[in-house]
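A.B. asks: First to last, the protein sequences are chains A and B. Last residue of the first sequence: 242 (this note's numbering), numbering continuous. Last residue of the second sequence: 242 (this note's numbering), numbering continuous.
Among the hints, a few may not be true.
The list treats identical chains as one, so a pair stands whether inside a single copy or across any two.
Claimed, not checked - Simulated crosslink set (DSSO-like; lysine-lysine; CA at most 30 Å straight-line):
no., residue 1, residue 2
1, Lys138, Lys198
2, Lys148, Lys138
3, Lys138, Lys219
No lab work stands behind these hints: they were computed from the structure. Keep in mind the model is a prediction, meaning the values are calculated, not measured.
Listed below, chain by chain, are the residues.
2 protein chains.
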Amino acid sequence: MPSIDICFSPELLPLFDLRGRVAVVVDVLRATSSMVTALAAGVPHIVPFAELAECRAMAAQGYLTAAERDGRQAEGVDLGNSPFGYLDGVVPVAGRNVAITTTNGTRAIHLSLAADAVVLGAFLNVGAIADFLRRQQKDVVVVCAGWKGNFCLEDTLFGGALAARLHPDFDVTSSDATLAALDLWETARADVGAYLLKSAHVRRLNSLESHQDMAFCVKQDEYDLVPIWQDGRIVAAAAPSA
Amino acid sequence: MPSIDICFSPELLPLFDLRGRVAVVVDVLRATSSMVTALAAGVPHIVPFAELAECRAMAAQGYLTAAERDGRQAEGVDLGNSPFGYLDGVVPVAGRNVAITTTNGTRAIHLSLAADAVVLGAFLNVGAIADFLRRQQKDVVVVCAGWKGNFCLEDTLFGGALAARLHPDFDVTSSDATLAALDLWETARADVGAYLLKSAHVRRLNSLESHQDMAFCVKQDEYDLVPIWQDGRIVAAAAPSA
Chain A
1 MPSIDICFSP ELLPLFDLRG RVAVVVDVLR ATSSMVTALA AGVPHIVPFA
51 ELAECRAMAA QGYLTAAERD GRQAEGVDLG NSPFGYLDGV VPVAGRNVAI
101 TTTNGTRAIH LSLAADAVVL GAFLNVGAIA DFLRRQQKDV VVVCAGWKGN
151 FCLEDTLFGG ALAARLHPDF DVTSSDATLA ALDLWETARA DVGAYLLKSA
201 HVRRLNSLES HQDMAFCVKQ DEYDLVPIWQ DGRIVAAAAP SA
Chain B
1 MPSIDICFSP ELLPLFDLRG RVAVVVDVLR ATSSMVTALA AGVPHIVPFA
51 ELAECRAMAA QGYLTAAERD GRQAEGVDLG NSPFGYLDGV VPVAGRNVAI
101 TTTNGTRAIH LSLAADAVVL GAFLNVGAIA DFLRRQQKDV VVVCAGWKGN
151 FCLEDTLFGG ALAARLHPDF DVTSSDATLA ALDLWETARA DVGAYLLKSA
201 HVRRLNSLES HQDMAFCVKQ DEYDLVPIWQ DGRIVAAAAP SA
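Hey, can you work out the whole structure from these sequences and the hints?
C.D. replies: Okay, structure coming up:
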């Protein structure tokens, strides 16, 4: 039976052997939620960058540029890190590729590339991720982007929610991190938004826009779509053949 | 108001600035539980070592030697890492100093020395630790020894128990790690031993001796004693003057 483990911070990734496993990178607030939303809104592919300057330079190649630093849209780019940037129609996105850089999410992706496959998880697509993982039948490591390397509640809750979806077909008991995330998910699941309002990170994002983002980012199963890393790009994984 | 944060793994310590803070190192199973027990049993001081050979060499200076590797007593030393080694009378310990090395606990202590003070916590002395911290009135970081650097439930639960003791006089809400540990403690507190039986680490320690150790190590407030790092040694902190 494949297992699911959770890495609470990219700083702990050296303790995990990702080879032969599927890495599910999660940055609920807001990088992976926004990337899922972007692909669902018709963006063909996304290229993540560690550095803002590299990201901005992609505009010359016809890319939309999206960048956030410390929770705010960076200067001189088309989009910030809010999923609503791909939904509100202010910037038309369908058919446009996106170059993106974020504080935590991009780093977590780049550190996970030793895995057999790297997919991006969020509450918005948690069911699609669970279905994908059932088809793969490989051990899973959820890689929480965290907040500047620190443990954060929202990514941990995603890990718990995913483990709950995979149980009992995956082993959820061989990792203390997974056991803890499952218990936290049980505490939070009745009202994830209310639970996260106590989180230090969420209180840090104390603008109206941020709270609207959070209310959206905790919705489960909005999109039946799995963003996957392929040849340096994030694309929607092909639907399974019937 | 001073705050309490929790570092879930020594690998995450570079993210914490320990200066001006008190570090509470915890390795419930079993290093810090055993050290508290040793001092309570009349051991004047304990010297922790990273390497087994260094620890063993201290026998020539009259020290009792205690060593565990991967959960078992090492070869050629007087004691393992069980708190009962200091209680069962097989090796008389009162008045004898102890040289100790353990897989996780010693490393966590050495990585915490940038703090203003380093004390050793366990359920056995959680009340004494809380009293000590109230007198200090400094920010606190609980440093979980973890299992080979990985997150573990028992040290996290100690962090939650300590935060619950310090609330509302300490800020327990500015760290997601503390919030998570408090919720896990609420889930587990009615029967900590039963809760930990599901932990991966505890199942790894699957001998009868280990389960006896665990039943002892989850007892709260057995000892009114704070082990503190002083000049390279662990000693009992002086009782507060009346």
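A.B. asks: All hints, please: hold or fail.
C.D. replies: Hint by hint, here is what the structure shows:
Proximity of Lys138 to Lys198 under the C-alpha cut-off of 30 Å is restricted to the inter-copy arrangement: shortest distance 23 Å between copies versus 35 Å within a copy. Proximity of Lys148 to Lys138 under the C-alpha cut-off of 30 Å is found in both arrangements, the shortest distances being 29 Å within a copy and 24 Å between copies. In this assembly of identical chains, Lys138 and Lys219 lie within 30 Å of each other by CA distance solely inside one copy; the values are 27 Å within and 40 Å between copies.
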